[in-house]
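For the protein sequence lines, the chains are A and B, in the order given.
Going by our numbering, the residue at position 608 of the first sequence is 608; the numbering climbs one at a time, nothing skipped.
Going by our numbering, the residue at position 3 of the second sequence is 1003; the numbering climbs one at a time, nothing skipped.
Among the hints, erroneous ones may be present.
What the hints assert, rightly or not - Pairwise CB distance ranges (calculated): (1) B/E1084 - A/R216: 45 to 51 Å; (2) B/T1122 - A/D521: 32 to 38 Å; (3) B/E1094 - A/D487: 50 to 56 Å; (4) B/A1153 - A/A517: 51 to 57 Å; (5) B/E1084 - A/D346: 45 to 51 Å; (6) B/E1094 - A/A549: 32 to 38 Å.
To be verified - Derived DSBU-like pairs (lysine-lysine); straight-line CA-CA distance at most 35 Å: (7) A/K622 - B/K1124; (8) A/K10 - A/K280; (9) A/K644 - B/K1071; (10) A/K552 - A/K644.
None of these hints come from the bench; they were simulated from the model.
Just so you know, even glycine gets a beta-carbon here, dropped at the ideal spot from N, CA and C.
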Amino acid sequence: MNTIADHRLKRPGSLEKNPRLSQWLRVHAEGTVSVFSGKVEIGQGILTALAQIAAEELGIRSERIRMVSANTADSPDEGVTSGSLSIQDSGSALRSACAHARALLLGRAGQRLGVSVEDLRVEDGTIHAGSRCTSFWECAEDGLFDCDVDASIDPKSPHEYRAVGRRAPRLDLPDKIAGRPRFLQDMVLPEMLFGRTVRPPHSFAKLSALDEGKARAMPGVTIVRDGSFVGVLAEREEAAIAAQRTLRQAAVWEKLSSLPQDIHAWLKDHAVEHRVISEKVDAGTKTRAAHSLEASYTKPYLSHASIGPSCAIAQFEGDKLVVWSHSQGIFNLRRDLAMALGMREDAIVVRHAEGSGCYGHNGADDVALDACLLARSAGGRPVQVQWMRDDEFAWAPCGPAMSFTLRAVLDAAGNILDWQHELWSNGHSSRPGRSDSPSLTAAWHLAKPFGRPAAINMPLPAGAADRNAIPLYDFPNQRVVNHYVRDMPVRTSALRSLGAYANVFAIESFMDELAAAAGVDPIAFRLRHLKDPRGRAVLERAAQRAGWAAWKPAEGRGHGIGFAKYKNLGAYCAVVAEVEVDQEVRVRRLVVAVDVGLVVNPDGVVNQIEGGAIQSTSWTTKEQVRLDSHGIASLGWEDYPILKFSEVPSIEVELIDRPELPAVGAGEAAQGPTGAAITNAVTHALGVRVRDLPLRPERVIAAIERQ
Amino acid sequence: MTESLRLTINGAVAEVEADPDAPLLYALRNDLRLKGTRFGCGSGQCGACFVLVDGHPAPSCDTPLWSAAGKAITTVEGLGAGGELHPLQEAFLEEQAAQCGYCTSGVLISAAALLRKNPRPTEKEVRAALDRNLCRCGSHNRMVRAVLRAATAIAT
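The following block holds chain A by itself, in its conformation from the complex (with noise of 0.2 Å):
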């Protein structure tokens, strides 16, 4: 196992491409620290737990914690916030920072009072020797933090955490409850004007008609045209959206060409690139092969379906251009703005403002292009623009359709002798940042177009479509392929886990069909097979938790195990399933076991995991982007619907703590485990197997039938 010693030997995380202290935190005389992290808060609660952190190095309280949100002009570049990696990248390095930065002040202040460091006492920034003191908002003149940060300071033991694992309440949620504006959706700015874009519900070839004769006509409208782009600008807000829809109504679109009927068999037959990401051979084994089992599994397109639509705010300022944003990449965002509208960089400022919850590369990006566009019209006055409700559903990213042909041979005791796994997707990122090309909506319909940049996959061993395609049991046979597809039907991108959430649903799936073929029973199954002692861990306590070995059965109900460690690199989950299948299932209770290393906020641990099984609840038993033969026909929450406060299940977490390990993320832990534990326990009560996602009742009556 990894311990936190064994990563003193470089720079941790993100200092490693940002080593200046000074880019890190500023020491006021008022008695505060800024906190400039490159992360951003999408919901998740990380500047909380990096608050926490922050004061536990710097030994003092987190109300003196000011936490800057990001911007392009001074905070550490720190990429995406993305892959459950913030507490990894920022954590990590602002704890050697922050260390950094209390040894110069307390070396400073040993040579103002004319004593060693070991003979300082410090408590909350006041430090003493003897009967004379000072403290760190008089020692932190300018330029004391202008060098690297000292990564063999070493920082506090986990032993003499005060801060780090306490519940900490989260810092943004007093305004969030008392209805105060907090979101960028409720920046005013003044002279600001709204905007609103012109799209069909479906992508385009391009715009060939419009008869802006209608809405020339309503008062205080503008129209911007920039070839298939359109956009309208207005005074006030109801008048942009009425603009908007008597545009709407005038246009005339070329359609592209139309969608595959089978999106899951078209995949299968358009795969460019074929890779074979893990393979073992114990040739010995073969002849003990006894039985064999195959089995193919599908997962439809999903919606981010975030519910406050996207929102941007840009302004020009001579040719300087200022940008809100909540995009969980500023800087690459900027990259692709530049791009797009012909600018430098360095004149272009990204500011992060919080918006609504994000689980991944929603329309944040595109619509902060469609803001610049819109302002380019606006003589200087800022412009901001909320997507409405179709827009997102109809032009954000979708997390891809996947899938899946699952073969393995067992031994006649039982044994899985050989694994093999196959999965076809399209790439699970087209974020910006990434391409020659802006991945930007409005960027492909100018007048002088961009090109569209397909979907791509990161490599391993986080991965992309092949996240937790490996499974961590171990098998003397293995292999397993991931075809790419690069033609996009639909525009696909990041969503919670990636491919993560249904690799993870068709391993658990497929080990749950071998345990039926075994006769074992599903846990020890996974046990059986499995060496890994983080990973034993979480499936016992999970399974004590839930009573599995007293499970009482009765009619229409059942239980289903599922378990992963994220990207098999981060957080080890497991999960146990209750349903109730009828006409439809339903979920009465999820037992949750997560061992995320180190917990920094133990309750911000419990909120992202909760939210997370929550969330995959709905993916697994409701969510599918409809489409039509043009593109996506689920356009609203009728079209669209998610899960319901009467629909979710009660969850226990049971969060095992293992402080002597490096901290790693909680946020996309569950959606793996959680979806196969919904879809083994269903079949449990069912006694047949569904293996096309969502179990909506259609499908789980399918499936009957073809028994």
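Take the given structure of chain A and dock chain B to it, following the hints.
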């Protein structure tokens, strides 16, 4: 096209110059700067823009100004009295009952309407009362616990 409309918002009379067919939501957010009521879907299906209209939760995105005139409108900012938070808001803080917080105002409005009608609801009744509010982050169970906690706090 615009008219002067008199609205009663959080107990005070407010004048708004707007198209009477325009949704109440934009008058609240942009004319009166009450930003706690939020746009979610524009068709009354998600609850993010709920306000109390004569005590009943209603989507302000789908309520024309003309129909709001003369009625008592309460927004999330008006739930508490005398600058204090409403017991529901206190309970939401205690339970840390939010993730992104975008749906929170609308949920508080539905919960406040429930507690006025039914001061000691069961868990099932709370869930049923909140079914018109969508939450995407998965904070449902925390919010349900917070509503039950607030009911107890109000009763004692």
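Here is how each hint holds up against the structure:
With their beta carbons about 50 Å apart, B/E1084 and A/R216 fall inside the hinted range of 45 to 51 Å. Between B/T1122 and A/D521 the Cβ separation comes to about 36 Å, which falls inside the hinted range of 32 to 38 Å. Taking 50 to 56 Å as the suggested C-beta distance range, the pair B/E1094 and A/D487 conforms, at roughly 51 Å. The hinted window of 51 to 57 Å between B/A1153 and A/A517 holds, with their beta carbons roughly 54 Å apart.
Look at B/E1084 against A/D346: about 48 Å separates their beta carbons, and that is inside 45 to 51 Å. Under the hint 32 to 38 Å, the C-beta atoms of B/E1094 and A/A549, about 36 Å apart, fit the expected range. The straight-line distance between the Cα atoms of A/K622 and B/K1124 is roughly 21 Å, inside the 35 Å bound, and the hint therefore holds. A distance of roughly 33 Å separates the Cα atoms of A/K10 and A/K280; the hinted pair therefore holds under the 35 Å criterion.
Restraint check for A/K644 and B/K1071: satisfied, since their Cα atoms lie roughly 30 Å apart, inside the 35 Å limit. Taking the CA atoms of A/K552 and A/K644, the gap is near 28 Å; set against the 35 Å cutoff, the hint holds.
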